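Q: Chains as they are written, first to last, in UniProt numbering: chain A, 1 to 450; chain B, 1 to 450.
Simulated from the structure, these hints should not be mistaken for laboratory data.
Remember, it's a predicted structure, so these values are computed and weren't measured experimentally.
A virtual CB, placed ideally from N, CA and C, is assigned to each residue, including glycine.
Take the hints with a grain of salt, since some may be wrong.
Pairwise CB distance ranges (calculated) [unchecked claim]:
{"id": "1", "chain 1": "B", "residue 1": "Glu59", "chain 2": "A", "residue 2": "Tyr227", "range": "35 to 43 Å"}
{"id": "2", "chain 1": "A", "residue 1": "Trp377", "chain 2": "B", "residue 2": "Ile442", "range": "24 to 32 Å"}
{"id": "3", "chain 1": "A", "residue 1": "Lys119", "chain 2": "B", "residue 2": "Gly212", "range": "49 to 57 Å"}
{"id": "4", "chain 1": "B", "residue 1": "Ala197", "chain 2": "A", "residue 2": "Asp205", "range": "28 to 36 Å"}
{"id": "5", "chain 1": "A", "residue 1": "Glu30", "chain 2": "B", "residue 2": "Gly296", "range": "55 to 63 Å"}
{"id": "6", "chain 1": "A", "residue 1": "Arg10", "chain 2": "B", "residue 2": "Gly212", "range": "23 to 31 Å"}
Here are the simulated DSS-like pairs of lysine-lysine, each with C-alpha atoms no more than 27 Å apart in a straight line [said to hold, decoys possible]:
{"id": "7", "chain 1": "A", "residue 1": "Lys350", "chain 2": "B", "residue 2": "Lys278"}
{"id": "8", "chain 1": "B", "residue 1": "Lys126", "chain 2": "A", "residue 2": "Lys282"}
{"id": "9", "chain 1": "A", "residue 1": "Lys189", "chain 2": "B", "residue 2": "Lys189"}
{"id": "10", "chain 1": "A", "residue 1": "Lys222", "chain 2": "B", "residue 2": "Lys222"}
{"id": "11", "chain 1": "B", "residue 1": "Lys237", "chain 2": "B", "residue 2": "Lys282"}
{"id": "12", "chain 1": "A", "residue 1": "Lys237", "chain 2": "A", "residue 2": "Lys222"}
{"id": "13", "chain 1": "A", "residue 1": "Lys278", "chain 2": "B", "residue 2": "Lys350"}
{"id": "14", "chain 1": "B", "residue 1": "Lys161", "chain 2": "A", "residue 2": "Lys161"}
{"id": "15", "chain 1": "B", "residue 1": "Lys378", "chain 2": "B", "residue 2": "Lys350"}
{"id": "16", "chain 1": "B", "residue 1": "Lys189", "chain 2": "A", "residue 2": "Lys239"}
{"id": "17", "chain 1": "B", "residue 1": "Lys108", "chain 2": "B", "residue 2": "Lys278"}
{"id": "18", "chain 1": "B", "residue 1": "Lys162", "chain 2": "A", "residue 2": "Lys162"}
{"id": "19", "chain 1": "A", "residue 1": "Lys162", "chain 2": "A", "residue 2": "Lys189"}
{"id": "20", "chain 1": "B", "residue 1": "Lys378", "chain 2": "A", "residue 2": "Lys441"}
{"id": "21", "chain 1": "B", "residue 1": "Lys161", "chain 2": "A", "residue 2": "Lys162"}
{"id": "22", "chain 1": "A", "residue 1": "Lys189", "chain 2": "B", "residue 2": "Lys56"}
{"id": "23", "chain 1": "A", "residue 1": "Lys119", "chain 2": "A", "residue 2": "Lys237"}
{"id": "24", "chain 1": "B", "residue 1": "Lys189", "chain 2": "A", "residue 2": "Lys161"}
{"id": "25", "chain 1": "A", "residue 1": "Lys350", "chain 2": "B", "residue 2": "Lys282"}
{"id": "26", "chain 1": "B", "residue 1": "Lys161", "chain 2": "B", "residue 2": "Lys278"}
{"id": "27", "chain 1": "B", "residue 1": "Lys161", "chain 2": "A", "residue 2": "Lys189"}
{"id": "28", "chain 1": "A", "residue 1": "Lys378", "chain 2": "B", "residue 2": "Lys189"}
{"id": "29", "chain 1": "B", "residue 1": "Lys441", "chain 2": "A", "residue 2": "Lys161"}
{"id": "30", "chain 1": "A", "residue 1": "Lys56", "chain 2": "B", "residue 2": "Lys441"}
{"id": "31", "chain 1": "A", "residue 1": "Lys189", "chain 2": "B", "residue 2": "Lys239"}
{"id": "32", "chain 1": "B", "residue 1": "Lys189", "chain 2": "A", "residue 2": "Lys162"}
Going by beta-carbon spacing under 7 Å, a handful of chain B positions derived as facing chain A [what the hints assert, rightly or not]:
{"id": "33", "residue": "Ala280"}
{"id": "34", "residue": "Leu290"}
{"id": "35", "residue": "Gly294"}
{"id": "36", "residue": "Asp302"}
{"id": "37", "residue": "Thr324"}
These are the residues of each chain, in order.
Protein chains: 2
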Amino acid sequence: MRDELSEQARYLVHYIENNDKDAFLDSFDELHTFDQAIFYVSLTTQLRRQIIDWLKPVELADIFDEIDPEDVDFNDLLSEMSPHYAAEMLAEMYTDNAVDLMSDLDTKQLAMYLSLMPKDSAEEIKRLLKYEDDTAGSLMSTEFIAINQRLTISQAMVEVKKAAQEAEQINYIYILDDDGVLVGVISLKSLIVWPDAAMISEVMDTNLITVGPADDQEEVAKIMADYNFVAIPVVVKEKMIGMITVDDIVDVIDEEAAEDYSRLAGVDVVNIEDNPIKSAVKRLPWLIGLIFLGMGTASVIDGYNYLVAETSVLAVFISLITGTAGNAGTQSLAVAVRRIALQEKQSTLKSLLFEILIGALIGVLAGVTIFLVILVWKNNLLLGIAVGLAMGVAILVANVAGAFIPLIMDKIGVDPAVASGPFISTLSDLTSVVVYFNVAKIFIDHFMMH
Amino acid sequence: MRDELSEQARYLVHYIENNDKDAFLDSFDELHTFDQAIFYVSLTTQLRRQIIDWLKPVELADIFDEIDPEDVDFNDLLSEMSPHYAAEMLAEMYTDNAVDLMSDLDTKQLAMYLSLMPKDSAEEIKRLLKYEDDTAGSLMSTEFIAINQRLTISQAMVEVKKAAQEAEQINYIYILDDDGVLVGVISLKSLIVWPDAAMISEVMDTNLITVGPADDQEEVAKIMADYNFVAIPVVVKEKMIGMITVDDIVDVIDEEAAEDYSRLAGVDVVNIEDNPIKSAVKRLPWLIGLIFLGMGTASVIDGYNYLVAETSVLAVFISLITGTAGNAGTQSLAVAVRRIALQEKQSTLKSLLFEILIGALIGVLAGVTIFLVILVWKNNLLLGIAVGLAMGVAILVANVAGAFIPLIMDKIGVDPAVASGPFISTLSDLTSVVVYFNVAKIFIDHFMMH
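Okay, chain A solo, but in the shape it has when bound:
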């Protein structure tokens, strides 16, 4: 499909360059709006200017509704149009998309476009711009169909036909009483199935599930995913102020999941900076913080330095033990974060025992493995036992920490994903070296291991 697209794209560019408006519009109309958007953003300013010439603001609005904000700089795209054209186009877009777009503009441009737009559109967009990112309010569109409950099915159908062109989706028609209070919903499916004479109030579904504009988008996504809704109404004091459609939720789900699990790497992958310095600045706090946590590990080793001085071979296995324990801890952390995300009903105690058991199993097997390796490599039984024992215990501790810390955080209401992989593994470095050197000390003192 994508190849086919680049094929068509060559023709379209050719038509623009030859200023062949009719040929361009013919084949451009054949494209899906999303593909039109892909094509549009792929062009040079000069070619886009030509298209802007040929399309009405309302036509370009459909294309801008499909542009992914992450891929472009809207300041640039809009500055290619006359301010009046841009303002009219923004007013023609679905409000939720227009608001998304305009929240990226610098204040000067934003103010200009708002001033040039029809008053009512400007007011509406200003109101929606107030909602914080990641809330239901920031996702909702205001193009929904709401009708009075005292209509018949056939009267309702007339209303729906009138409103259909404007609405973002008409799978659900929302039902209001005379005070404009949301009292029910009916799917377009049932609307066409019920007999014409039936009263809306009798056939509508009154078991409403709604969200508030301040609700977290992740919670909204969960509800829509659970109930398989195509749209959900946003309500304030029983009055419907907007509607969130599933296409917006699809992006939220992807982002939230990426956010949760990429935190395992101690970095935010959802808002990737395109400026290296900004990226570095965003990643540094974690690293520097962990360096100071790591200093704890260093000072522990420093404390046992006399052991290293007399038995320098101990130094050989420090990174192996800390590394392996860190890996095991990160695994159990990832599983714990997922369990929490899925809101599994398991008791904290049960999942803790679970990870202790896994940690013990893995610890024993990994310990035996390294014991055998050292036996073969160094031919030193005591060293093998010491390192194997230390690794086994270190893995057990790391597993438990990886599973337990996020659970605790969740219980006390902190986002468990904050307990990132790097944090867990740096923490387990500390416990690992303590275990390692204490075990080693015992062996050196009692068995003169050298």
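Using the hints, position chain B against chain A.
A: Chain B alone, transformed into the frame defined by chain A:
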């Protein structure tokens, strides 16, 4: 909402225990189907048996359509019903859900239910059971509406009304020619907007985007998310065999994202084992494999053991340097995996230079930090320089590896997420100690650092 639910749940249980069928059905019907499912699976076998008594198979089918397979054992749930009742209920479910459910059954039960259900349903389910997990075929349902292109809008509307009850969704009506070839699609929205006399063939959208039954569910999800589809047709040789609806895709997106990023932790969090031994077995290969990779690091340290023997303080900073470099590498890995998942058009070279720059920046700042720390702590200028320098270079190398390795894998067609965090950090342990000891060696040889 959930609290309100548990409130109602208490009443419902009460009604069941008092064998008060009418009261139960009255308040049960008020619940959303998804909430009915939550309630149903939360009950004891005995209580469920009572509900099965009171509901027809077709009614229970709606509830089973909403049960999340991850939360239950369908073998148990079905064995609570008479085989005939269970078979009839399975036949009444939407095929995609019925197939999901039955793919979890043990072969004996599966065969029994298939033999007891209407022949055509059994045939259809058998056909769908053949499709592999994670393919479009395993997600599709066969309850879609397809009509002939030579109908008028009003004739089409009659067809749609007839078919509406059976169909899983009727947002799109699919258009076939006389040979049953899929030639177009029309949304219910346009169907009600166009004048009754218009011909379907004239108003339908012929720019079809379809998928094949063997296509990867992740690819299907991407298309539906990009084009904001509520449903997409599944086609074999131009014939439509099924339809995938957005509610199934929503789950796929969550799973795929969780899968991609949890691999950063070297563990599969999508199919969490509920048996500790199985879990351990699944996690071990990674750990053992990495132990052997870690042995490389150990043997490098072993090679420089004479340095440690004479300057044992070197051992103090091994884990700090390897740990920090590993953390930095994991960060750049996570960003690289995200960039690939988003299919960003950036050139490999550009993103590589990008990470080199970030690595250099972070390396310098982290190096300076540890230098100052050591200066204060150990009051040893040369050691500070050596460790700072080593850490800086190690971080740079780890950053580049974290960004570059997944890009290479993607280029050669391997799933980049396989380059897990543990792998990258274990790899960077190796480079880190090489850098560290070589830097240290230079300082010891030239400046007699002790």
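Q: None of the hints should be skipped; say for each whether it holds.
A: A quick look at each hint next to the structure:
1. B/Glu59 to A/Tyr227: 35 to 43 Å: 18 Å, violated
2. A/Trp377 to B/Ile442: 24 to 32 Å: 28 Å, holds
3. A/Lys119 to B/Gly212: 49 to 57 Å: 50 Å, holds
4. B/Ala197 to A/Asp205: 28 to 36 Å: 33 Å, holds
5. A/Glu30 to B/Gly296: 55 to 63 Å: With a Cβ separation near 57 Å, glutamate 30 of chain A and glycine 296 of chain B satisfy 55 to 63 Å, so the hint holds.
6. A/Arg10 to B/Gly212: 23 to 31 Å: 26 Å, holds
7. A/Lys350 to B/Lys278: With Cα atoms ~17 Å apart, lysine 350 of chain A and lysine 278 of chain B stay inside 27 Å; holds.
8. B/Lys126 to A/Lys282: 53 Å, violated
9. A/Lys189 to B/Lys189: Holds. Lysine 189 of chain A to lysine 189 of chain B sits at ~11 Å (cutoff 27 Å).
10. A/Lys222 to B/Lys222: OK: lysine 222 of chain A and lysine 222 of chain B at ~19 Å, within 27 Å.
11. B/Lys237 to B/Lys282: 40 Å, violated
12. A/Lys237 to A/Lys222: The hint holds at about 23 Å.
13. A/Lys278 to B/Lys350: 17 Å, holds
14. B/Lys161 to A/Lys161: It holds: about 17 Å lies between the C-alpha atoms, which stays within 27 Å.
15. B/Lys378 to B/Lys350: Violated. Lysine 378 of chain B to lysine 350 of chain B sits at ~41 Å, over the 27 Å cutoff.
16. B/Lys189 to A/Lys239: At roughly 25 Å apart (the allowed maximum being 27 Å), lysine 239 of chain A and lysine 189 of chain B satisfy the hint.
17. B/Lys108 to B/Lys278: Satisfied, since the Cα-Cα distance of roughly 24 Å is no more than 27 Å.
18. B/Lys162 to A/Lys162: 24 Å, holds
19. A/Lys162 to A/Lys189: Given pair lysine 162 of chain A, lysine 189 of chain A holds - Cα atoms ~17 Å apart, limit 27 Å.
20. B/Lys378 to A/Lys441: 24 Å, holds
21. B/Lys161 to A/Lys162: 20 Å, holds
22. A/Lys189 to B/Lys56: Given pair lysine 189 of chain A, lysine 56 of chain B holds - Cα atoms ~23 Å apart, limit 27 Å.
23. A/Lys119 to A/Lys237: 26 Å, holds
24. B/Lys189 to A/Lys161: It holds: about 8 Å lies between the C-alpha atoms, which stays within 27 Å.
25. A/Lys350 to B/Lys282: 20 Å, holds
26. B/Lys161 to B/Lys278: The given pair, whose Cα atoms are some 51 Å apart, is violated under the 27 Å limit.
27. B/Lys161 to A/Lys189: Holds. Lysine 161 of chain B to lysine 189 of chain A sits at ~8 Å (cutoff 27 Å).
28. A/Lys378 to B/Lys189: 76 Å, violated
29. B/Lys441 to A/Lys161: 81 Å, violated
30. A/Lys56 to B/Lys441: 71 Å, violated
31. A/Lys189 to B/Lys239: Holds, at about 25 Å.
32. B/Lys189 to A/Lys162: This hinted pair holds, its Cα atoms lying about 11 Å apart.
33. Ala280: Holds, because the Cβ-Cβ distance from alanine 280 of chain B to chain A comes to roughly 4 Å (cut-off 7 Å).
34. Leu290: OK, holds: leucine 290 of chain B within 7 Å of chain A, min 6 Å.
35. Gly294: 4 Å, holds
36. Asp302: 5 Å, holds
37. Thr324: With a minimum Cβ separation of about 6 Å from chain A (threshold 7 Å), the hint on threonine 324 of chain B holds.
Figure legend: structure checked against the earlier numbered hints; hints not met, in rising order: 1, 8, 11, 15, 26, 28, 29 and 30.
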